[in-house]
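Visitor: Listed in order, the protein sequences are those of chains A and B.
Each residue of the first sequence is one higher than the one before, counting from 1 in our numbering.
Each residue of the second sequence is one higher than the one before, counting from 1001 in our numbering.
Rather than coming from a laboratory, the hints here were simulated on the basis of the structure.
Hints are supplied without guarantee of correctness; some may be wrong.
Claimed, not checked - Derived EDC-like pairs: lysine to aspartate or glutamate, alpha-carbon spacing no greater than 20 Å straight-line:
(1) B:Lys1284 <-> A:Asp592
(2) B:Lys1054 <-> A:Glu561
(3) B:Lys1030 <-> B:Asp1200
(4) B:Lys1284 <-> A:Glu595
(5) B:Lys1030 <-> B:Glu1212
(6) B:Lys1054 <-> A:Glu564
(7) B:Lys1284 <-> B:Asp1200
To be verified - Just so you have them, the derived chain A footprint on chain B, three or more residues with Cβ under 8 Å:
(8) 1077-1087
(9) 1118-1125
To be verified - Part of the chain B face toward chain A, derived, beta carbon under 8 Å:
(10) Ala1049
(11) Leu1052
(12) Thr1063
(13) Val1065
(14) Asp1098
(15) Arg1131
(16) Glu1140
It should be emphasised that the depicted structure is a prediction, and the values quoted were computed from it without experimental measurement.
Built from N, CA and C at the ideal position, the CB exists for glycine as well.
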Amino acid sequence: MSHAVLIAAAILLPLVGGLLGRLVGFHSGLARLTAAAGGVLGGLAGLGLGGDILWNGGQAIVNWPWFATGYGLTLAVDPLSAFFLLPVSVLTALAAVYGVAYLGHSHGGSSGAGHGAIDPANVGLFAGLLQTGMVLVLLVQDALGFLFSWELMSIAAFFVIALDDGQAENRSAAWTYLVATHIGSAFLILFFLFLGHRAGGLTFTDLARVTLSGQAQALLFVAALCGFGAKAGFVPLHVWLPDAHPAAPSHISAVMSGVMIKTGIYGLLRALTFLGAPPAWWGWVLVIIGFTSGILGMVFALAQRDLKRLLAYSSVENIGIVTLGMGIGLFGVATGQTTMGVLGLAGSLLHVLNHAMFKGVLFLGAGALVQGTGTRDLDHLGGLSRRMPGAAGSFLVGAVAICGLPPLNGFVSEFLIYLAAFHGLLGGQGFALLPSFLVIAGLALIGGLAAACFTNVYGIAFLGEPRTRAAGEVGASPGLMTLGMSGLALACVLLAIALPVVLPGLAPVLAPLLPIDGPTLLLELLRAGAPLRGVLALGALLLLLVGFLAFVRGRLLAGREVGETPTWDCGYAAPTARMSYTGSSFTQPLNDLFEPVRTGTVERPALVGLFPAPGRMATHPGDSFVGHLFTPLFTGAETLFQRLRWVQSGRLQVYVLYIAVTLLVLLGWNLW
Amino acid sequence: MVTVNFAGLVPIALALVMAPLLQGVINRTKAFFAGRQGAPVWQPYFDLARLLGKGAVYSRTTTWVFVAGPVVGLASILAALTLMPLGGVGAFLAFSGDLVLMLYLLGLMRFVTVLAALDTGSSFEGMGASREVTFAALAEPPVFLTLAILAQKTGALSLSGILAGIGPTLWVTAGPMLALLTTALFLVFLAENARIPVDDPTTHLELTMIHEVMVLDHSGPDFAMILYGASLKLWLLGSLVVGLILPAGLPWFVAWPAAVGALILLAILTGVVESTMARLRMHKVPQFLIGALIMTLLALVLGAR
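Whenever a hint applies, use it, and build me the whole structure from the sequences.
Guide: Take a look at the structure:
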């Protein structure tokens, strides 16, 4: 199939599917199927397109005239877009499959889940629009089209978040998101206008040719960082994420968290290809952003009881890891340490791909829990792995992968970033060593905290005894949901095996970001990626040992007495599920430790006398950036703008006057 | 490049055979300090043999995760052993960044142990698991920073390369830094192996325990795998501490006996620490680990000159 057809299919099919689904919205099942078919076919087209470009090299370019305006929309798939197209396509397609069953069963569900009232046809429409928007963002090759696609994607996500607008918290989440994304867009408009002005054209080829002064380069970098960082969720611009993800239906949360926020990373990388050779301080800035986002994301995640909020914060953490890799890579490029640069950027890119897969599994798994039990509160779950074996197995794969533990894919990308930092230790001197130490210490702490966070999630939700009736009566997820989840879990396993082998294939993707020629880059990837073969070997050894030990254990126990009892609780005769440890108690030591950086409120009962009356204690985890930064900022802005209220008098005559004055001023300016 | 060194199979064999001995030496030292006769140093072997010969009892709450915990945990530590050199002789496998893989394999071991503990639904084991992940998260940065500083000093990126690069010359030129790093690693060694002052391995029915309380429900061969895994972990992290002190480049017939001797001395030292110190209160343990982190940061400053 020609590239033009695939490009058109990847862009249009999701939208067409969504629109057709809306047209047949009177029949819920048909609407869901139509929308999902569009998403899946579009995803397949995108996967074919991206895979073809990455496998065979080269790039695909098509030019769509834009309604006889003389403006042509140039769409191209170069290796960088092709790479990002892969996770977007796979995740949206599998999420669409999952969505067919997920939306079908949430009708008349309990109000706690919050998705009883929404029309699946609307979800399908906006999910399709979101997919179209994301694919367009990746393929568009000029600034105007990019801003248009960016807005399309952002607005589609707004509608998805706002679908269940019966609840005040969802409306508020949607507004927060809209404000955040538009603040980001404002910086992007500035970025492209300024850059386009310097370049004398708006196509990406024009922009890439421009030569910039150091000052202009710095300004543009900061604008790109703010604009794309708001979408990616860099701390402190992350505050919209934890509100938006619980509000959207779970399979759309998976898409938003797994790939939509990655368009911010794509944008930043694309911007870097325009801005020329990076100075070392860009690396510093990105390493520091990654360090804070990674650690704070995890610190906030640990305090959450709401599973989807927790996963949203964990996305902030993973964006932090991606940024650490990008930062150490840019630092390597700036200081002429090629190996460090190649490894850092490669690790960062692979983490984008890996995170899309395992975060997809985790959000889809969270959706299965929400749908089955009607609650997102971890402390109300428990013992689900017996009742939902499919969801539990996939979720376990996702949990191991997101902690970056071997032998799964998360380890591969984190390993490359570690390796980049270690290479930085060999080549640097004095202060140039600090970014490497920051990356190593940061990743180590993030890894430890992530292990605490996800043993908590898996152990509390899936293991032990059910803590509520709803958790005890839940049934297995429908087949299509299990298919979506296990597909992504399988992708995590396959990537763990494939990535060490196909690493040199990243050469064309990395080429525009590095100042070295193709063959050198390929050689560098082959050389620097060689330790991954050791990782692969150890992974195989680990599996063999597990098989061997399991066999030995089976042989030892064969024919012996194997008994069953209740869990031993110091001889206590009547244990109940209420006695088992909750997620809140599990994470309490770490939460206490990080109390100073994490604001939240605790309502404690007053205990007086020798026999105090019964009391209640409640903790409300907060986000220090909301309380200490954004609330004062926006309240301040509001009081400031209140002073300008007199401009809006509400009388028609005054507005006519405004128009007349504006026209006069414009006329005068034109005649000057 | 992945280097395969067949001489590295000997340290693995030594670890497999001798690891439980360290446990016995620690117990014997403690008995000496307490004025008791004490169990023979071979007692851990007898315990393992007895447990392997038994049947097992499982809680009705548990699932396959509970069974998988000891199996995957022991497999992880066994895989990690292939990367650890002993006495300056290279490990079986060595490649750039293998130290990250080794520490993450220990992380995998902890992950499955914690999940197995949570699988029982017991509040005791939940408590132990919660403390385990808390202290482990705080112990990660000092270990990684220590190895990073050593990598920078020795110019090597694999464990075998790093430990081979630490010799008398480095002790002369950067003695205070190495001393700080060794101390920090020793503190982490105590914490990671559930020893006093972080954890008390002898009173596993108390509410204050960490590691022992996580494995309360395991029995028979499963429990044997956990105990054996724990002694291998003691040996593995002990080899790292010992590797900083022993000079590299000795011929094998000196290096391996010296390393085993040093490990036994380390076990005696651990026994002395256990006999002469009380366990810290739980909320002091983070300070203990942050103390180790501060030592590595000091070493970083010293090494940056």
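Visitor: If you take the shortest Cβ to Cβ gap from B:Thr1063 to chain A, is it below 8 Å?
Guide: 5 Å, holds
Visitor: With chain A as the partner, please determine if B:Arg1131 meets the hint condition of a C-beta pair closer than 8 Å.
Guide: 7 Å, holds
Visitor: Hint validation: B:Leu1052 versus chain A, beta carbon distance must be below 8 Å. Holds or violated?
Guide: 6 Å, holds
Visitor: Between the region 1077-1087 of chain B and chain A, see if three or more residues pass the 8 Å beta-carbon test, and mark the coverage as holds or violated.
Guide: It holds, with 4 qualifying residues against the three required.
Visitor: Against the 20 Å threshold, does the CA-CA distance of B:Lys1054 and A:Glu561 hold or violate the hint?
Guide: 8 Å, holds
Visitor: For the pair supplied as a hint, B:Lys1054 and A:Glu564, confirm whether the alpha-carbon distance does not exceed 20 Å.
Guide: 15 Å, holds
Visitor: Is the Cα-Cα distance between B:Lys1284 and B:Asp1200 20 Å or less?
Guide: 14 Å, holds
Visitor: Starting from B:Lys1030, check that the Cα of B:Glu1212 is at most 20 Å away, please.
Guide: 18 Å, holds
Visitor: Can the hint on B:Asp1098 be confirmed by a CB-to-CB distance to chain A that is less than 8 Å?
Guide: OK, holds: B:Asp1098 within 8 Å of chain A, min 6 Å.
Visitor: Taking the least C-beta to C-beta distance, is B:Val1065 closer than 8 Å to chain A?
Guide: This interface hint holds because 6 Å falls under the 8 Å limit.
Visitor: Quick one, are B:Lys1284 and A:Glu595 close enough, alpha carbons at most 20 Å?
Guide: Distance ~16 Å between B:Lys1284 and A:Glu595 Cα, so the pair holds.
Visitor: Would the hint linking B:Lys1284 and A:Asp592 be met if the CA-CA limit is 20 Å?
Guide: 13 Å, holds
In terms of the numbered hints stated before, the structure departs from hint 10 and from no other.
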